[in-house]
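My request is simple: use the sequences and hints to build the entire structure.
2 protein chains.
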Amino acid sequence: MNYTAQITIMPLKELLDPQGKAVNESLHRLGISAIDQVRIGKHITLQIEASDEKQAHTLADEACRKVLCNQVMESYSISINAQ
Amino acid sequence: MNYTAQITIMPLKELLDPQGKAVNESLHRLGISAIDQVRIGKHITLQIEASDEKQAHTLADEACRKVLCNQVMESYSISINAQ
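Listed in order, the protein sequences are those of chains W and X. Add 2 to a position in the first sequence, counting from 1, and you land on the number used in the numbering used here. Add 2 to a position in the second sequence, counting from 1, and you land on the number used in the numbering used here.
Hints are computed from structural coordinates only; laboratory data are not their basis. Do not take every clue at face value.
DSS-like mimics (lysine-lysine), calculated; alpha carbons at most 30 Å apart, straight line [as the list claims (entries may be wrong)]:
{"hint": "1", "chain 1": "X", "residue 1": "Lys56", "chain 2": "W", "residue 2": "Lys56"}
{"hint": "2", "chain 1": "W", "residue 1": "Lys23", "chain 2": "X", "residue 2": "Lys68"}
{"hint": "3", "chain 1": "W", "residue 1": "Lys15", "chain 2": "X", "residue 2": "Lys68"}
{"hint": "4", "chain 1": "X", "residue 1": "Lys23", "chain 2": "W", "residue 2": "Lys15"}
{"hint": "5", "chain 1": "W", "residue 1": "Lys68", "chain 2": "X", "residue 2": "Lys68"}
{"hint": "6", "chain 1": "W", "residue 1": "Lys56", "chain 2": "W", "residue 2": "Lys44"}
{"hint": "7", "chain 1": "W", "residue 1": "Lys15", "chain 2": "W", "residue 2": "Lys44"}
{"hint": "8", "chain 1": "X", "residue 1": "Lys56", "chain 2": "W", "residue 2": "Lys15"}
{"hint": "9", "chain 1": "W", "residue 1": "Lys56", "chain 2": "W", "residue 2": "Lys23"}
{"hint": "10", "chain 1": "X", "residue 1": "Lys56", "chain 2": "W", "residue 2": "Lys44"}
{"hint": "11", "chain 1": "W", "residue 1": "Lys56", "chain 2": "X", "residue 2": "Lys68"}
{"hint": "12", "chain 1": "W", "residue 1": "Lys68", "chain 2": "X", "residue 2": "Lys56"}
{"hint": "13", "chain 1": "W", "residue 1": "Lys23", "chain 2": "X", "residue 2": "Lys23"}
{"hint": "14", "chain 1": "W", "residue 1": "Lys56", "chain 2": "X", "residue 2": "Lys15"}
Reference excerpt, derived from the structure (chain W facing chain X, CB under 7 Å, subset only) [as the list claims (entries may be wrong)]:
{"hint": "15", "residue": "Ser28"}
{"hint": "16", "residue": "Arg31"}
{"hint": "17", "residue": "Gln39"}
{"hint": "18", "residue": "His45"}
{"hint": "19", "residue": "Gln49"}
{"hint": "20", "residue": "Ala65"}
{"hint": "21", "residue": "Val69"}
{"hint": "22", "residue": "Val74"}
Residues of chain X clear of chain W, computed beta-carbon distances all greater than 10 Å [as the list claims (entries may be wrong)]:
{"hint": "23", "residue": "Pro20"}
{"hint": "24", "residue": "Val69"}
{"hint": "25", "residue": "Ala84"}
All of these numbers come straight from a predicted model, not from anything done at the bench. Where a beta carbon is used, it is the ideal one built from N, C-alpha and C, also for glycine.
Here it is in structure tokens:
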């Protein structure tokens, strides 16, 4: 079966996020001062051919650990949907 | 009130995503060939001070249009949660 995985990778809360800070300041300069604590990460979608949802999750998790996510600085979450 | 916005920004379906393609090939080289059609975008979280959820959504939408999203190449979706 074919599954779609939605993966969100964010910088760890304990770490500074310079990109988010720069965007935060840009927004304030543009007058949107009600917005704060901007943090920027990655969103990845991919298709997985697997026998069941559990196997799809295992494959997505393996991809995160091996390629997509740098676990020293980032955390990830995976959501799997059947197609 | 304080709201949290989760914003997902993805490259438009019609466009090539070279970063996603490179990751796709890396995964195949590592033996994870059940994964395909990798597309990579951004995930942004931010805090919004607003009177209600509708106003929070309007502010997040303004931030997307003015700073976060390049609508020539990307599309965005916004999800607002009360805190």
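Here's how the hints hold up against the structure:
no. : hint              : verdict
1   : X:Lys56 x W:Lys56 : 37 Å, violated
2   : W:Lys23 x X:Lys68 : 16 Å, holds
3   : W:Lys15 x X:Lys68 : 26 Å, holds
4   : X:Lys23 x W:Lys15 : 29 Å, holds
5   : W:Lys68 x X:Lys68 : 35 Å, violated
6   : W:Lys56 x W:Lys44 : 23 Å, holds
7   : W:Lys15 x W:Lys44 : 15 Å, holds
8   : X:Lys56 x W:Lys15 : 27 Å, holds
9   : W:Lys56 x W:Lys23 : 37 Å, violated
10  : X:Lys56 x W:Lys44 : 26 Å, holds
11  : W:Lys56 x X:Lys68 : 40 Å, violated
12  : W:Lys68 x X:Lys56 : 40 Å, violated
13  : W:Lys23 x X:Lys23 : 29 Å, holds
14  : W:Lys56 x X:Lys15 : 27 Å, holds
15  : Ser28             : 5 Å, holds
16  : Arg31             : 10 Å, violated
17  : Gln39             : 4 Å, holds
18  : His45             : 4 Å, holds
19  : Gln49             : 4 Å, holds
20  : Ala65             : 6 Å, holds
21  : Val69             : 5 Å, holds
22  : Val74             : 19 Å, violated
23  : Pro20             : 14 Å, holds
24  : Val69             : 5 Å, violated
25  : Ala84             : 15 Å, holds
Comparing the model with each numbered hint stated earlier shows that hints 1, 5, 9, 11, 12, 16, 22 and 24 do not hold.
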